[in-house]
Amino acid sequence: MRKLFFYVPLALFLLLTVFLLSGLFSDPRERESASLNKALPEFALADLMQPQHIWTPEQLHGETFLLNVWGTWCPTCNAELGYLTELRKQGVKIVGLYYELPRDPTFDAPFSLKALQQDVAQKLQQNGDPYQFNILDLERRLSLDLGVSGAPETFLIDSNGIVRAHHIGDINPQIWRAKLAPLYQQWSQP
Amino acid sequence: MIVEAGQLALTFAFALSLLLAIIPLYGSFVANQRMLLLAKPLALGQFLFCLLAMLALIYAFRTNDFTVVNVAQNSSSTLPWYYQITASFGSHEGSMLLWVLMLAGWTALVAQFSKALPLLLLGRILGIMGVICVGFIAFSLFMSNPFERSLPFFPVEGRDLNPLLQDFGMILHPPTLYMGYVGFAVAFAFAIAALMGGRFDSVWARWVRPWALAAWLFLTLGIMLGSWWAYNELGWGGWWFWDPVENASFMPWLAGTALIHSLAVTEKRGTFKSWTVLLALAAFALSLVGAFLVRSGVLVSVHSFATDPGRGMYLLVFLLLVVGGSLLLYGMRMNSVRSQARYQLFSREMMLWGNNIFLLTACLIVFLGTLFPLFHKELGLGSISIGEPFFNQMFYYLTIPFALMLGLGPWVRWKQQQFTPLVKPLGLILVAALILALGVLASMQSVQANLALLGMLLGAWVGVSALAEVMLRMRQFGSVTQGLTKLNASHYGMTLAHIGFAVLVIGVAMTKTYTEERDVRMQEGDTATLAGYQFTLVDVYDLDGPNYGGQAAELDVRKDGRYVTHLHAEKRFYRIQRTIMTEAAVHARLSRDLYVSLGEELPGNAWALRIQVKPFVRWIWLGGLLMSLGALLALADKRYRRKTPPATKQEVANA
Numbered sequence: 001m002r003k004l005f006f007y008v009p010l011a012l013f014l015l016l017t018v019f020l021l022s023g024l025f026s027d028p029r030e031r032e033s034a035s036l037n038k039a040l041p042e043f044a045l046a047d048l049m050q051p052q053h054i055w056t057p058e059q060l061h062g063e064t065f066l067l068n069v070w071g072t073w074c075p076t077c078n079a080e081l082g083y084l085t086e087l088r089k090q091g092v093k094i095v096g097l098y099y100e101l102p103r104d105p106t107f108d109a110p111f112s113l114k115a116l117q118q119d120v121a122q123k124l125q126q127n128g129d130p131y132q133f134n135i136l137d138l139e140r141r142l143s144l145d146l147g148v149s150g151a152p153e154t155f156l157i158d159s160n161g162i163v164r165a166h167h168i169g170d171i172n173p174q175i176w177r178a179k180l181a182p183l184y185q186q187w188s189q190p
Numbered sequence: 001m002i003v004e005a006g007q008l009a010l011t012f013a014f015a016l017s018l019l020l021a022i023i024p025l026y027g028s029f030v031a032n033q034r035m036l037l038l039a040k041p042l043a044l045g046q047f048l049f050c051l052l053a054m055l056a057l058i059y060a061f062r063t064n065d066f067t068v069v070n071v072a073q074n075s076s077s078t079l080p081w082y083y084q085i086t087a088s089f090g091s092h093e094g095s096m097l098l099w100v101l102m103l104a105g106w107t108a109l110v111a112q113f114s115k116a117l118p119l120l121l122l123g124r125i126l127g128i129m130g131v132i133c134v135g136f137i138a139f140s141l142f143m144s145n146p147f148e149r150s151l152p153f154f155p156v157e158g159r160d161l162n163p164l165l166q167d168f169g170m171i172l173h174p175p176t177l178y179m180g181y182v183g184f185a186v187a188f189a190f191a192i193a194a195l196m197g198g199r200f201d202s203v204w205a206r207w208v209r210p211w212a213l214a215a216w217l218f219l220t221l222g223i224m225l226g227s228w229w230a231y232n233e234l235g236w237g238g239w240w241f242w243d244p245v246e247n248a249s250f251m252p253w254l255a256g257t258a259l260i261h262s263l264a265v266t267e268k269r270g271t272f273k274s275w276t277v278l279l280a281l282a283a284f285a286l287s288l289v290g291a292f293l294v295r296s297g298v299l300v301s302v303h304s305f306a307t308d309p310g311r312g313m314y315l316l317v318f319l320l321l322v323v324g325g326s327l328l329l330y331g332m333r334m335n336s337v338r339s340q341a342r343y344q345l346f347s348r349e350m351m352l353w354g355n356n357i358f359l360l361t362a363c364l365i366v367f368l369g370t371l372f373p374l375f376h377k378e379l380g381l382g383s384i385s386i387g388e389p390f391f392n393q394m395f396y397y398l399t400i401p402f403a404l405m406l407g408l409g410p411w412v413r414w415k416q417q418q419f420t421p422l423v424k425p426l427g428l429i430l431v432a433a434l435i436l437a438l439g440v441l442a443s444m445q446s447v448q449a450n451l452a453l454l455g456m457l458l459g460a461w462v463g464v465s466a467l468a469e470v471m472l473r474m475r476q477f478g479s480v481t482q483g484l485t486k487l488n489a490s491h492y493g494m495t496l497a498h499i500g501f502a503v504l505v506i507g508v509a510m511t512k513t514y515t516e517e518r519d520v521r522m523q524e525g526d527t528a529t530l531a532g533y534q535f536t537l538v539d540v541y542d543l544d545g546p547n548y549g550g551q552a553a554e555l556d557v558r559k560d561g562r563y564v565t566h567l568h569a570e571k572r573f574y575r576i577q578r579t580i581m582t583e584a585a586v587h588a589r590l591s592r593d594l595y596v597s598l599g600e601e602l603p604g605n606a607w608a609l610r611i612q613v614k615p616f617v618r619w620i621w622l623g624g625l626l627m628s629l630g631a632l633l634a635l636a637d638k639r640y641r642r643k644t645p646p647a648t649k650q651e652v653a654n655a
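Chains as they are written, first to last, in UniProt numbering: chain A, 1 to 190; chain B, 1 to 655.
By construction, these hints were calculated from the structure, which means they are not laboratory data. Where is the CB? At the ideal position from N, CA and C, for every residue including glycine. A few of these clues could be false.
As the list claims (entries may be wrong) - Covered by chain A, per the in silico footprint, the following chain B stretches (three or more residues, Cβ under 8 Å):
| # | segment |
| --- | --- |
| 1 | 310-317 |
| 2 | 371-381 |
To be verified - Simulated restraints, written as ranges between beta carbons of each label pair:
| # | chain 1 | residue 1 | chain 2 | residue 2 | range |
| --- | --- | --- | --- | --- | --- |
| 3 | B | Trp236 | A | Gln125 | 33 to 43 Å |
| 4 | B | Pro152 | A | Gln59 | 54 to 64 Å |
| 5 | B | Gly532 | A | Thr56 | 50 to 60 Å |
| 6 | A | Phe43 | B | Phe375 | 33 to 43 Å |
| 7 | B | Thr527 | A | Leu12 | 51 to 61 Å |
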């Protein structure tokens, strides 16, 4: 018995290496989304360009679409605009969820919708406009409810308003082909 | 040309490390003295070639040779010359070469300064160091070559060094930290050599102690410098973040601290043997696990290197061979080693045993806190994250009994201690600590009972007790002046390191409690008041640095109308990397830091500034510095340099 005692460190170490090995082959950034296979959370948010229009989840039913969380302040989001625009041309419906950064009342200038609209219009003109429309999430409540951890992130929403996929990071041709396109096909079948 | 010479030098170093890993170890089993004697020149040669390789890399950086991928990605021609040198270890590839150089350096040091060691043992130690060198040099050479060229197409300008790394702290932090990490390889090699030979006695412990102490010294300094660097460079006044990479350096430190204490028991009393050996293995194993975590991309961290599963796989296999192999050997050999010493429940042995329990609990907490998200996810339980509150709370609860025991420990004799003789001195120390703590707190602007009082009390208890103990020991030699010279250096080292810990605890508790912070909007001429200091914004102007632009703010600080100091805070924009860096203005005093960082420009010619007054924050690094100095003093102890006659041929044959 006493003899076996001295092998305990080895056993513990081997157990650790099993975890390290499996950790090596899984993406640390990938995380299970809490919103998966649930209906979109309730919201009533203004359209970014036509703020008098208020979007609610029911208005989004009827068609499978991508909900792309983005912001002009996010370089990766700006970079993926080009490819997303290509997808739009192929007939993929993409809705933007504009993620506005939190503001420090003493450090930052007060929020101005006009300035933001100009900024967004300019970015979309430069890089391509993939969006049917943009929903402005000024208080980041919807983003929080969806479990957004940063930008860009993209959700696949089916025609009944159920979240079917949550992709963290940018969408490029490779990721679209390997991960999102099959899901998009699957969920857009009537 | 020089770059190719560097590549060649690294290849030679690899060849020598292979020979070093094979010949002396083989020689030790067939009792061939000539093979054993080869260990030393091989070790020195290996170091020489690693040094040449590093110099070649530095040369490539200094001459802006952008055909070298590493240079193109981490340097630029506008980078100041001293940062061009440090950029040579700013990337994964370069830092790996530095790691290799340090490892070869320690091997050479062991070869050079171990005349007292029996030839057989030295040959085995150097051979094991050689095995580790083979693994890391091969990794550097084949998996992350710092000399890789991008010919025929190469950029005309480099991408510049990450601005975060363009700081004085960055010149010192990585080399010291790596010296510490890698230094534990020596204690590791000593432990393996002893496992092979089956000899663990106080002589063995006395041989390992200075090496463990030296590694611990560097690791302590390295961690301290890293914390200081983060404080100056990240711009918001934090000094420890419980980031996975920080934790990766903290774990070997905790195990190493336990090791240097456990070694004391093994040297003085010949007991705790299996425990000490396990700690010697663990300290280096944790360094290796740390290297794996940082460089494989298993954990996401602010400062982990670019991820590459191939590299991760290599390091994991290496880890499995080295650590798994050594623990297997431990399991096979250790059960024949017995410790005979007897001691009572209240004795120095038990105090040090308690010390080890607390340090290892702390190490386990850091380990689990760092890796639990990984375990959780790999078991399919979903993602979680463990942050600062968990670690802070755990260390809060651990520090209290640990510090209480630390104040008591040095008073307790080996074998057995009666409780009654200690009551009077310890009672007096407790009263003195209480007066001291309340006195300091009364001088603060507000008395906050909780954390500050506890921290001050614990710190004063440890500090006063350490001082009183050393005074008492001096008096045992007659007069204080006589005692001053009689007491050995390692005793002073211990006292100094314990006082360092006290200073650290006080610093942490006071900073946490009394830091004041304000975000303000200021125009030129405006004054903001915080903690009795008036900060006046005198001027904001444009900056023009070698590889950055930006703005600088000049502030005057007054207290009760009296001029205190002038502060200069910068907000730099690094042109090539297109990143903004905050260079905080810090006015440091032992009792407090004034810390100002410049924020965004606001409409109406105004600026956002973050002003902080942080009492006692210096004490955190001062504590670390005192601990390292303590280790240095202990290293100077004469008994580590006493010579024993070299091994005869007969001994070698008998082994």
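Okay, the hints, checked on the actual structure:
1. 310-317: holds (count 3)
2. 371-381: Coverage by chain A holds here, the residue count being 5 at a Cβ distance below 8 Å.
3. B:Trp236 - A:Gln125: 33 to 43 Å: 36 Å, holds
4. B:Pro152 - A:Gln59: 54 to 64 Å: This hint holds: roughly 57 Å between Cβ atoms.
5. B:Gly532 - A:Thr56: 50 to 60 Å: 54 Å, holds
6. A:Phe43 - B:Phe375: 33 to 43 Å: For Phe375 of chain B against Phe43 of chain A, whose Cβ atoms are near 36 Å apart, the range 33 to 43 Å holds.
7. B:Thr527 - A:Leu12: 51 to 61 Å: Holds, at about 59 Å.
In summary, this structure violates none of the numbered hints.
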